[in-house]
Amino acid sequence: MFRYIVKRVVLAIVTVFVIAAITFFTMNAIPGGPFASEKAPSAEVQRVLEERYNLDKPVYQQFFIYIRNFLHGDLGVSLKTGRSISTVIGESFPVSAKLGGMAALVATIVGLVLGSIAALKRNSIIDRVIVFLTTFATAVPSFVLATILLSVFCLTLKWVPVWSATESHYVLPVIALSLYPMAYITRLTKTSMLDALGQDYVRTANAKGVAGWKVIFKHALRNAVIPVITYVGPMLAYILTGSLVVENIFTIGGLGSKFVSSITNRDYTMIMGTTMFLSIIMVTMNLLTDIIYSIVDPRIKLD
Amino acid sequence: MEKQLEKDTLPKKSVLSAQINLEKFDFSDNAFEKATEEEKRQQDVMSESTTFFKDGMKKLMKNPLAVMSIVVLVFILAVIVVAPHVVPYSYSQIISVNGKRDKTAKNLKPFQYSENELKYMAEGGKVFPHIMGTDAQCRDYFIRVVYGTRVSLAVGIFASVLVLIIGLLYGSISGYLGGKVDLIMMRIVDIIYSLPDMLVIILLSVVLDETLKAAIEGTALSKLGTNMISLFIVYGLLYWVGMARLVRGQILTIKNNEYVLAAKTTGAKTGRIIKKHILPNCVSVIFISTALQVPSAIFTESYLSFLGLGVAAPMPSLGSLANAAREGLQSYPYKLWIPAVVICLIVLSFNLLGDGLRDAFDPKLKK
Numbered sequence: 001m002f003r004y005i006v007k008r009v010v011l012a013i014v015t016v017f018v019i020a021a022i023t024f025f026t027m028n029a030i031p032g033g034p035f036a037s038e039k040a041p042s043a044e045v046q047r048v049l050e051e052r053y054n055l056d057k058p059v060y061q062q063f064f065i066y067i068r069n070f071l072h073g074d075l076g077v078s079l080k081t082g083r084s085i086s087t088v089i090g091e092s093f094p095v096s097a098k099l100g101g102m103a104a105l106v107a108t109i110v111g112l113v114l115g116s117i118a119a120l121k122r123n124s125i126i127d128r129v130i131v132f133l134t135t136f137a138t139a140v141p142s143f144v145l146a147t148i149l150l151s152v153f154c155l156t157l158k159w160v161p162v163w164s165a166t167e168s169h170y171v172l173p174v175i176a177l178s179l180y181p182m183a184y185i186t187r188l189t190k191t192s193m194l195d196a197l198g199q200d201y202v203r204t205a206n207a208k209g210v211a212g213w214k215v216i217f218k219h220a221l222r223n224a225v226i227p228v229i230t231y232v233g234p235m236l237a238y239i240l241t242g243s244l245v246v247e248n249i250f251t252i253g254g255l256g257s258k259f260v261s262s263i264t265n266r267d268y269t270m271i272m273g274t275t276m277f278l279s280i281i282m283v284t285m286n287l288l289t290d291i292i293y294s295i296v297d298p299r300i301k302l303d
Numbered sequence: 304m305e306k307q308l309e310k311d312t313l314p315k316k317s318v319l320s321a322q323i324n325l326e327k328f329d330f331s332d333n334a335f336e337k338a339t340e341e342e343k344r345q346q347d348v349m350s351e352s353t354t355f356f357k358d359g360m361k362k363l364m365k366n367p368l369a370v371m372s373i374v375v376l377v378f379i380l381a382v383i384v385v386a387p388h389v390v391p392y393s394y395s396q397i398i399s400v401n402g403k404r405d406k407t408a409k410n411l412k413p414f415q416y417s418e419n420e421l422k423y424m425a426e427g428g429k430v431f432p433h434i435m436g437t438d439a440q441c442r443d444y445f446i447r448v449v450y451g452t453r454v455s456l457a458v459g460i461f462a463s464v465l466v467l468i469i470g471l472l473y474g475s476i477s478g479y480l481g482g483k484v485d486l487i488m489m490r491i492v493d494i495i496y497s498l499p500d501m502l503v504i505i506l507l508s509v510v511l512d513e514t515l516k517a518a519i520e521g522t523a524l525s526k527l528g529t530n531m532i533s534l535f536i537v538y539g540l541l542y543w544v545g546m547a548r549l550v551r552g553q554i555l556t557i558k559n560n561e562y563v564l565a566a567k568t569t570g571a572k573t574g575r576i577i578k579k580h581i582l583p584n585c586v587s588v589i590f591i592s593t594a595l596q597v598p599s600a601i602f603t604e605s606y607l608s609f610l611g612l613g614v615a616a617p618m619p620s621l622g623s624l625a626n627a628a629r630e631g632l633q634s635y636p637y638k639l640w641i642p643a644v645v646i647c648l649i650v651l652s653f654n655l656l657g658d659g660l661r662d663a664f665d666p667k668l669k670k
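These protein sequences, in sequence, are chains H and D. Quick note on the working numbering: the first sequence kicks off at 1 and runs consecutively. Quick note on the working numbering: the second sequence kicks off at 304 and runs consecutively.
These are calculated hints, taken from the structure and not from any lab test. Certain hints may be false.
Stated by the list, open to error - Dumping the calculated BS3-like pairs for lysine-lysine here, alpha-carbon to alpha-carbon at most 27 Å:
#1 D:362 / D:578
#2 H:121 / D:483
#3 H:158 / D:412
#4 D:579 / D:362
#5 D:483 / D:558
#6 H:57 / H:80
#7 H:218 / H:121
#8 H:98 / H:7
#9 D:483 / H:7
Claimed, not checked - Quick look at which bits of chain H chain D covers, simulated, 3 or more residues with Cβ under 8 Å:
#10 10 to 21
#11 146 to 157
#12 219 to 231
#13 281 to 293
Ideal Cβ positions, reconstructed from N, Cα and C, are used throughout, including at glycine.
The following block holds chain D by itself, in its conformation from the complex (with noise of 0.2 Å):
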């Protein structure tokens, strides 16, 4: 190659030019030395090809405050799973021994037996022991915590999720159409906003209690109580607006980037557009929003139930259970303790993952 390109191609110079005159070099094949093993691996790419989620995990997993609450989190979830398939008692069952109801078991302390299941294990029967004693109805008050996180959990992050899909989908129309639409839109939203919340929560709550009652009647929703549903029908009203308007944000700023444009003015279709630049622009910011809103979900439940406004009687939640805790507050105060304890771990949890996750996913914070 080297040699005809040497006779036949090259072009001829002229005289002032100040281009490399090629006739000088020596093209023949001995000339050139082959790269050594060692020069060929400078050209590898040293550090592994990464995506934009490994990469994002591997600064979460560096964050030793979100490993923790990750760990915390895993661990309650663990319990909240397990306990009910260990512990033989449900949250709403008086404790009984051998098949008879047992007046003595109540306010029990933490592992600690009433009479009558000391005269059956005298006996030789085996009582499970009470890990957080019982409560003032002789029920264990340990399961009644674990169903309480259960709630409160779930509770949390369904919210979340209505939230999540009301918001997107209003918001990615609002910031899509854009113009009137929007602006129409947007309006809705500011007064929506403004309104005050927890005050509208507690007035459906009340009057929903009303209404849905016989609405529910023997569903399995009506488990959970109308406070429930009315908590979810609210935060369907009135929550979303707050990621509406993060999602618009979000869709009206990437939209009118310069490598948006520059997708667009090189042909790619909006599909492509949406699905390369606009979702992973804007899909961390809104998954962290969600992860935030959980714990705000929990302490609106919690608050609800502690006014007496939450989930329905022999269903416990967090909240309900220090409300309850309340009575017995100068004897037992350990059963204030346990609920708050769970409520701030799990609150506090959240926000430092939160926290964790924009560090790690948010593309706008990278340096």
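This is chain H alone, in the form it adopts within the complex (with noise of 0.2 Å):
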């Protein structure tokens, strides 16, 4: 037990290590500094700003500088504003993580409560439309799904303002974020579900007469969960990944639309601070999956 955590941890930490040199050597390869686009300052100043950035280095000291750095939490500067981005990430990563963290749970609570009510209820039609909303949510693209509750709820009915910042109007994000992951909790909830009440555990209680919610909650639910939490870890990515571009729809000033900004302003420092904070949260998140999976359920082989 001990040495499979171990070894996932040294897992994350390599990843980590890859993401940043791949972050830092493909920025590294872009054609032209930071300071050449700009408006052409003299070569004394490109020399001393080259200096001050430590630009001046060869590029292996520069990536161990930006390692170093990174270890202190400092992310560097955004070429467009010149703000800390640090500080860019710290003040609206708080609005992403609500808006994520609404979805995620969203999603997985709704998720359970289909799936299992498609597993108790087999065969019947409200097992059939859940089945078959399932397989439609799963084809709509998160982007496109924001686009269009907004263009319907927001646009036409006017139900909902676009976006100010009270609880409220996270309902549409919310539901564009979740609606995926959601369908996809309830179809491995139905099938882990449908697996546990075909278990010998479960007739046992039956037979010994155990009420029939005791059953359900007690003995079926509570083993049919252990898979879903397979998937938090895809989950999050894929919230995450999706809030990108909803953040942008629903001009939410999170994390996401910043990073989308910095992509059509061309801020390589700030794409490359936030790829490396958003990829730190993924991996943690999987490895915090994989190791509460490995105490959860005893019978899986760690190897």
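Hey, can you piece these two chains together into the complex? The hints should help.
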């Protein structure tokens, strides 16, 4: 168990390092330095600037400086606005985290409920409807859904204003982000719930005369949840990448829209910093999922 | 024969033996009755002999969802192949009437004609109807959707084939060789697997956009744009790991199966084992996985195009069309709906087809 966790942690660290290397060297591959594209400062100014940002040193040294700064939480400054990237992330991330967290929560809860209902009422009309809707939901990209929701509810029906920072306006972005993972969790829960319901321990519990709801919640659902845990990592990745465009569409000032605007502005250091930050979140989440999974389900092989 | 048997070769029976006493039976010709035609027919194999492929296709055709998705895909394919030959507009062409650019043909509704076109028609000229109207730059929207679908589908299929080739090679090498090579190769896969792919794609698209621009200037590739090339590069770099894992897993499990051992014991050569035992058992799984890769690649492409990191400007893709529709969302919502519905239809069809293929062709699911 301990060895398994150590192995996962080492793998996560290597992954982050690889991402850092990819980010750094790809950014370095861009022709023309960060000051070349600006209003061409004089040679003297350029030299001072390069010295200040360590650009006069060899690339590998720059990389180590970058890693060192990064370990100190310093992601550099934005090329366009000159603000510290760490500050920008600190300001905008809470909004995104709130949105993403709500979407993940909604997706998990609704998915578990729908999946259990579909499994318990197998082959009924309710089951068919749920299967139909989830199949359809997995074919709609989040940005299409977000734009359609915006078009229907904000512009045509005018039920909600496009965006203001109150709670009720999280509804549309959360729907747009959570529909796909919700559908996926529903399908996953249905399969594992059906599997659990067919197990001997459920039959034993039923034979003992345990109340129906108790069998479902205590015996079946508890075991059916385990495979869903493995989906937490991919779900967060989906919500994270989805939120990049969804925030942009609903003009929410989170990290996602900052990232998208830095792409359109070709603000390289900002792109680099945000990519690193988001990657670390994703790698950490995957790591936690793996560890939790191995603790929750003692049956899985730790190799 | 029988008579000879009776007299010469019948073994002598011991008194205590439980063996049937053949001497008691009559082996002469007239003791036998010829089988009637009906009796003979009972020996015939009732169903025609079937191959793995035929059997799978039969099952697939019985699946209504799979058949429906094949019909939808064939329909879409037919439209995008035929339409550019029928519709006299091209995806980047600004509508012109009688050789003159028509500035009034902006944002037309479906089947609506512009003022200049109406005038021209009144004079007896023929104008091809704008089935889905025109966009803000006076271009025929239908043909743009057709080309967008072409681009999206082509990207999806090409990216999947790329993933298939790299994954197949890597996975089979790793699976066959085993041991230390396998260990190292799989650790590399583990690392790539945990990279946040979408972020890396965005990053590379931004970077390669600058670096590749000069390299592809003037070639046929420049029409697609650097973003598409970087998308393919990223697919080649990152997305094959899932396929490699699948292929390796397949080969490992099949390699250790009893029937492979049995074939080896009876002296089958490696080539025969691969051809007869390993390939038929993993081809279907790999094929299905490739079919399911297509919608995922289309998703990625449309997502990037939506971010403005997709195909280069005049060339449309379904994602960039949806993105462009956002500007006039209030007045022309159908310009969003059309590409959105096409994306969903394609993705849905591929998903359902993939599921159907799995049910029909996966040998492990056979009842």
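Quick rundown of the hints versus the structure:
Restraint check: the Cα-Cα separation between residue 362 of chain D and residue 578 of chain D comes to about 24 Å, which is no more than 27 Å; the hinted pair holds. Of the supplied pair hints, the one linking residue 121 of chain H and residue 483 of chain D is violated, its CA atoms being roughly 49 Å apart against a limit of 27 Å. Of the pairs offered as hints, the one joining residue 158 of chain H and residue 412 of chain D holds, with about 23 Å between alpha carbons and a cut-off of 27 Å not exceeded. The straight-line distance between the Cα atoms of residue 579 of chain D and residue 362 of chain D is roughly 22 Å, inside the 27 Å bound, and the hint therefore holds.
Between residue 483 of chain D and residue 558 of chain D the CA atoms are separated by roughly 18 Å; this keeps the pair inside 27 Å, and the hint holds. Restraint check for residue 57 of chain H and residue 80 of chain H: satisfied, since their Cα atoms lie roughly 23 Å apart, inside the 27 Å limit. Of the pairs offered as hints, the one joining residue 218 of chain H and residue 121 of chain H holds, with about 18 Å between alpha carbons and a cut-off of 27 Å not exceeded. Of the pairs offered as hints, the one joining residue 98 of chain H and residue 7 of chain H is violated, with about 31 Å between alpha carbons and a cut-off of 27 Å exceeded.
Proposed proximity of residue 483 of chain D and residue 7 of chain H is supported: the alpha carbons are some 18 Å apart, at most 27 Å. Under a criterion of three residues with beta carbons nearer than 8 Å to beta carbons of chain D, the stated coverage of the stretch 10 to 21 of chain H is upheld, 6 such residues being counted. Figure legend: the stretch 146 to 157 of chain H, annotated as covered by chain D; annotation consistent (6 residues with Cβ-Cβ distances under 8 Å, at least 3 required). Only residues whose C-beta sits within less than 8 Å of a C-beta in chain D count toward coverage, and the stretch 219 to 231 of chain H has 0 of them, not enough to reach three; the restraint is violated.
Given a C-beta distance limit of less than 8 Å, the hint that chain D covers the stretch 281 to 293 of chain H holds, as 3 residues qualify and 3 suffice.
Of the hints listed earlier, those the structure fails to meet are numbers 2, 8 and 12, in rising order.
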